[in-house]
Amino acid sequence: MQISYFTERPYRGLNEDEILKNKAYFAVSNALFDREQAANDYNYYLDEYCYAEELGFDAVALNEHHGNPFCMGSVMNVEASILARITKKVRIVLIGNPLPVLKHPLRMAEELAEIDLISRGRLVTGWVRGAGSEQFFNNANPAYNREMFNEAHDFIVQAWTKPGPWRYEGKHFHYRHVNPWALPYQKPHPPMWIPGVLSPETARWCAEHRYPYLGLGTALGPTCDLWDFYADEAAKHGYQAGPENFGYLIPTFLAETEEKAQEIGKNFVFGGGQNAFSRPEHTLPPGYNSKGAIRMLAKHPGGSWLGVSPEKLRAHSDGGRPDTTDFDTVRQKLLKGYGKAQKNLQLLIGTPESVLPKAKTLLRVLRPSIFVFFNIQGPVGDEDRKTSMRLIAQELTPQLREYAKEIDLVDPFERTPGSVAYRNGVTRDPVVDREPLAALGMAG
Amino acid sequence: MANWTEQKAHIAEAELTLIKGGSGKPLLMLHDELGFPGWMKWNDELAAEHAFVIPLQPGFGKTPRLEWIRSFRDLAGLYSMAVREMGLDPVDVVAFSAGGFIAAEMVAADPKIFDHLILVGPMGLKPEKGEIWDIFPVTIRTHLRATVADPGTTEFGEIYGGEMTPEQFEAFEDARAESARIGWEPYMHNPSLPYLLRGVKNASTLLIRGAEDRIVPPGCIAAYTKAIDGAKSVEIANVGHRPEIENAAEFVKIVQEFLAS
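From first to last, the protein sequence lines stand for chains P and S.
Read in the working numbering, the first sequence has 251 at position 251, and its numbers run on one by one without any break.
Read in the working numbering, the second sequence has 202 at position 202, and its numbers run on one by one without any break.
FYI, nobody ran anything at the bench for these hints, they're computed from the structure.
Cβ coordinates follow ideal geometry from the N, Cα and C atoms, glycine included.
Honestly, I wouldn't trust all of these hints.
Claimed, not checked - Derived DEER-like restraints, expressed as beta-carbon distance ranges:
1. S:T5 with P:L335: 55 to 61 angstroms
2. S:A109 with P:F173: 54 to 60 angstroms
3. S:P151 with P:L32: 30 to 36 angstroms
4. P:D408 with S:E15: 52 to 58 angstroms
5. P:F229 with S:M81: 41 to 47 angstroms
6. P:D429 with S:E85: 53 to 59 angstroms
7. P:G337 with S:R198: 45 to 51 angstroms
8. P:N344 with S:Y187: 39 to 45 angstroms
9. S:P186 with P:N344: 19 to 25 angstroms
10. P:T329 with S:E15: 37 to 43 angstroms
11. S:G38 with P:D429: 51 to 57 angstroms
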């Protein structure tokens, strides 16, 4: 079992009204950026990752977003480089580099090789397509997003494994001289874990490449469906998927008392939380989703395959929500969502005692061998953040590790993903356990 | 209402869907970046003396997407082949918005392909002043509303009003995706096009712009009149980017007079 620590590194100096006024984090004007605040935050978060190492987390996870106070990591590889040097044993997991929007896979291969070398082989590198808003921020053509993702990935693997120099003439990328001097410390290259919000195309691609798939706090029922889909695809490629193929990231906040945890935990919906990452018009750029996904969205807008809420889809076709300046009403709605997300186990809030059974349920249902704790959002102080980390590491994690052993959650370092052969004609092993969903009112 | 039909034609190695209707001298119509909106009043008016040929752009739903088309110039090449294979050249053309971009690329490559060239609120050239409105970071509904000065216009409501059906949503998404694929960067213009248009001599060209157009600024019209020798321009008052919808009578009058010249 790999227990990982993750934070979005929220910018903590923004008045919530500014986000509500903008109806999203993305596109809040950087006229509101405070350099001193940001300098403090960046340095604090690096220290916080070191603290995670001290506490015994197996890995620290970083991500990247652009033009967005929701996440300060706009160039994740810079932070990863620093951590490669100042940490000693923790794995550095990138979830992940947005290949299509960065548009320079050779440079990416070089950057990551350096990080892996400096850390002496502690890098786990993941790839993402980049959120919709990032297509606009980086002026990356969304209609070619999937193609560029696939091509950039294939190129990087080649750049790390095929002796150079060689020439590359692809569809979207072209290089005259591929011969990066620095190659990754790990042979043939660092492991790759792929985060996602339940796009079947990404799951199919992961299964094909035998890469573990990490659900990013996705709803339990649809996540079970996607795990099954992955496992079916894996069987087509001749292997039996298992816990080593799956990871799950869960927003979590613990405190010494239930009341305090519940109060501070509300910061997960600060400014609207993840649902307010970007406005509908920035979430669904043209051509970003496949035709099949668009068809499914158009006919079943209640579906959650793409991480797009029905409200966002409606707004996309009807022109957006009416303007409102009644932020108190908005906040009340957000708090309702906060309660619902806890009930659905998409948020873990409480004391170690109250959260343990919920975390165990997640492990039992989804059987992930990579479990990532996502720390609180919003302007929460350092001490409260660290208390939550300490409680997770010292009071929750030991019991989860025991439970993981009990139910045999073998991780990708213990068993190579894709290494268990699947025999044609035999029913594949189950990868999820839906039984507890009925008690949670999520069966079906 | 004139008789119009939808036909499939294997043209220029593509399975192109064409709308055909009316009678008389052929009139090629190139629709805009939102796709063919259906047969409209102005089509009806002109169909008495003109035989419309309306290709539905590859990737917009009816005509399959062609993998090799990666720019408006590529698309113009396909349409030029289609015009030649159908034996239409030189043909009259009326082209709207991004369709105007396609027509401009066609005439730049083959100055004799059109008899009369009518560009309505055309994209394709970097405006001398201002910017072409960005259609991509907005919702479909916002985009639609921005195309007209008065969303209360009856025919606009008939075409785009009411709740959007899943089929309409998918069609708009197809159109937006394909427009992004070929027009994302540089945004809906080609920096080399004005230079190539300077080689077009004696083409009978008319530029039409709605005075309240929020999509294509006057600077685009200025760039076209500068690039195409002898191009004339006309502005229709109180209408936006869709003069053919908001003032069909005036639009038809202008087009008829020009085509008769």
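Inset, instruction - Could you tell me whether the CB distance from P186 of chain S to N344 of chain P stays inside 19 to 25 angstroms? - result: Since the Cβ atoms of P186 of chain S and N344 of chain P sit about 45 angstroms apart, the hinted range of 19 to 25 angstroms is violated.
Inset, instruction - Could you check the hint for me, namely that P151 of chain S and L32 of chain P are 30 to 36 angstroms apart, CB to CB? - result: At roughly 34 angstroms between Cβ atoms, L32 of chain P and P151 of chain S fall inside 30 to 36 angstroms, so the hint holds.
Legend entry - 39 to 45 angstroms as the expected CB spacing between Y187 of chain S and N344 of chain P, which holds or is violated: 41 angstroms, holds
Inset, instruction - May I ask you to test the hint 55 to 61 angstroms on the CB atoms belonging to T5 of chain S and L335 of chain P? - result: 58 angstroms, holds
Inset, instruction - State, for the Cβ atoms of T329 of chain P and E15 of chain S, whether the hinted interval 37 to 43 angstroms holds or is violated. - result: Violated: the Cβ-Cβ distance is about 53 angstroms, outside 37 to 43 angstroms.
Inset, instruction - Could you check the hint for me, namely that D408 of chain P and E15 of chain S are 52 to 58 angstroms apart, CB to CB? - result: 54 angstroms, holds
Legend entry - Status of the given 54 to 60 angstroms range, CB of F173 of chain P versus CB of A109 of chain S: 28 angstroms, violated
Inset, instruction - Note whether the CB distance of G38 of chain S and D429 of chain P lies within 51 to 57 angstroms or breaks it. - result: 54 angstroms, holds
Inset, instruction - Go ahead and decide if the range 53 to 59 angstroms is satisfied by the Cβ distance of D429 of chain P to E85 of chain S. - result: 58 angstroms, holds
Inset, instruction - Please test the hint of 45 to 51 angstroms on the beta carbon pair from G337 of chain P and R198 of chain S. - result: 59 angstroms, violated
Legend entry - Range hint 41 to 47 angstroms (beta carbons of F229 of chain P and M81 of chain S) holds or violated: Holds - the Cβ-Cβ distance for F229 of chain P and M81 of chain S, about 43 angstroms, lies within 41 to 47 angstroms.
Comparing the model with each earlier hint shows violations of hints 2, 7, 9 and 10; every other hint is respected.
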